[in-house]
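Chains as they are written, first to last, in our numbering: chain S, 367 to 478; chain W, 367 to 478.
Incorrect hints may appear among the rest.
Dumping the calculated DSS-like pairs for lysine-lysine here, alpha-carbon to alpha-carbon at most 25 Å [as the list claims (entries may be wrong)]:
| id | chain 1 | residue 1 | chain 2 | residue 2 |
| --- | --- | --- | --- | --- |
| 1 | S | K404 | W | K413 |
| 2 | S | K385 | W | K404 |
| 3 | S | K404 | S | K380 |
A short, non-exhaustive set of chain S residues, derived as facing chain W with CB atoms under 7 Å [as the list claims (entries may be wrong)]:
| id | residue |
| --- | --- |
| 4 | I386 |
| 5 | A387 |
| 6 | H392 |
| 7 | A394 |
| 8 | A398 |
| 9 | K400 |
| 10 | G409 |
| 11 | V416 |
| 12 | L429 |
| 13 | Q430 |
| 14 | G436 |
| 15 | P452 |
| 16 | G473 |
| 17 | K476 |
| 18 | L477 |
| 19 | L478 |
No lab work stands behind these hints: they were computed from the structure. By construction, the Cβ of each residue, glycine as well, lies at the ideal position given by its N, Cα and C atoms.
2 protein chains.
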Amino acid sequence: MDFKQVIVVRSDLKMGKGKIAAQAGHAAVSAAEKSQYKKEWLGQGQKKTVLKVDSEAELIRILQEAKDRGLPVCMIEDAGHTQLEPGTRTCVGIGPAPADELDRLTGELKLL
Amino acid sequence: MDFKQVIVVRSDLKMGKGKIAAQAGHAAVSAAEKSQYKKEWLGQGQKKTVLKVDSEAELIRILQEAKDRGLPVCMIEDAGHTQLEPGTRTCVGIGPAPADELDRLTGELKLL
Numbered sequence: 367m368d369f370k371q372v373i374v375v376r377s378d379l380k381m382g383k384g385k386i387a388a389q390a391g392h393a394a395v396s397a398a399e400k401s402q403y404k405k406e407w408l409g410q411g412q413k414k415t416v417l418k419v420d421s422e423a424e425l426i427r428i429l430q431e432a433k434d435r436g437l438p439v440c441m442i443e444d445a446g447h448t449q450l451e452p453g454t455r456t457c458v459g460i461g462p463a464p465a466d467e468l469d470r471l472t473g474e475l476k477l478l
Numbered sequence: 367m368d369f370k371q372v373i374v375v376r377s378d379l380k381m382g383k384g385k386i387a388a389q390a391g392h393a394a395v396s397a398a399e400k401s402q403y404k405k406e407w408l409g410q411g412q413k414k415t416v417l418k419v420d421s422e423a424e425l426i427r428i429l430q431e432a433k434d435r436g437l438p439v440c441m442i443e444d445a446g447h448t449q450l451e452p453g454t455r456t457c458v459g460i461g462p463a464p465a466d467e468l469d470r471l472t473g474e475l476k477l478l
């Protein structure tokens, strides 16, 4: 079975690329820690796709849908030391999980 | 003790922000898997700093210095499905490790 991980980032926050990279790193690690498929996914080269949404509401919707489907998921909130207000929701990490399940959930989202 | 993780990204490759985010995610997960301090670092909120170098030679130098100091480190090479040639070295993940050890190694590098 093919496993992958999806990271969904808010594009409306106008974060710089270093900020985005750090938030994506948080999401990748936290979601991986929650997944029962981490080992297989690492063995397959930890496939990872970074997608975007343009609002907090959309980010929360994706989080909730992933939860409803029983997928391993985490919401990343920024500590607010730089650039953003403390507690700003920046991105969601989903999986590793079976690739087809993630495609059904996030197939309509665009690449960041 | 304060732990953190540093991700060093090549800025000379002109990667897009989604590409950078994916590579940083790979580095964050792979370096964390190698670290004996993962659990403490996660408990402290997985502090993460994203820095830059402007050449492959500089990236390799950082990798080697980190290894010489016994730090948990990984080199990320791109699979080359998009944007880059297969095997392109894109970034290095170091730690989690004690923050002061990472500062001595990477203190002169700029934020991405």
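Practice prompt. With a cut-off of 25 Å on the C-alpha distance, tell me whether K385 of chain S and K404 of chain W pass.
Written response: holds, 21 Å
Discussion item. Using the nearest Cβ pair, does G409 of chain S come within less than 7 Å of chain W?
Written reply: Status violated, d = 12 Å.
Fill in: Status of the hint placing A394 of chain S at chain W (closest C-beta pair under 7 Å)
Holds, about 3 Å.
Fill in: Restraint outcome when A387 of chain S is required to lie within 7 Å of chain W by C-beta distance
Holds, because the Cβ-Cβ distance from A387 of chain S to chain W comes to roughly 4 Å (cut-off 7 Å).
Discussion item. Hinted pair, alpha-carbon criterion (25 Å max): K404 of chain S, K413 of chain W. Please report holds or violated.
Written reply: holds, 21 Å
Worksheet item: Does G473 of chain S pass the interface check with chain W, least Cβ-Cβ distance below 7 Å?
Response: With a minimum Cβ separation of about 16 Å from chain W (threshold 7 Å), the hint on G473 of chain S is violated.
Worksheet entry | Hint check: 7 Å Cβ-Cβ cutoff, K476 of chain S to chain W | Violated: closest Cβ of chain W sits about 9 Å from K476 of chain S, beyond 7 Å.
Worksheet entry | Interface restraint verdict for G436 of chain S against chain W (beta-carbon cut-off 7 Å) | violated, 22 Å
Worksheet item: Taking the least C-beta to C-beta distance, is A398 of chain S closer than 7 Å to chain W?
Response: holds, 5 Å
Worksheet entry | Hint check, K400 of chain S versus chain W [nearest Cβ-Cβ separation less than 7 Å] | Result: violated, 11 Å to nearest chain W Cβ.
Discussion item. For the restraint on P452 of chain S, tell me whether the closest CB of chain W is nearer than 7 Å.
Written reply: Violated - the Cβ of P452 of chain S stays beyond 7 Å from chain W, reaching only about 12 Å at its closest.
Practice prompt. Verify the proposed pairing of K404 of chain S with K380 of chain S, using a straight-line Cα cut of 25 Å.
Written response: violated, 31 Å
The earlier numbered hints that this structure contradicts are 3, 9, 10, 12, 13, 14, 15, 16, 17.
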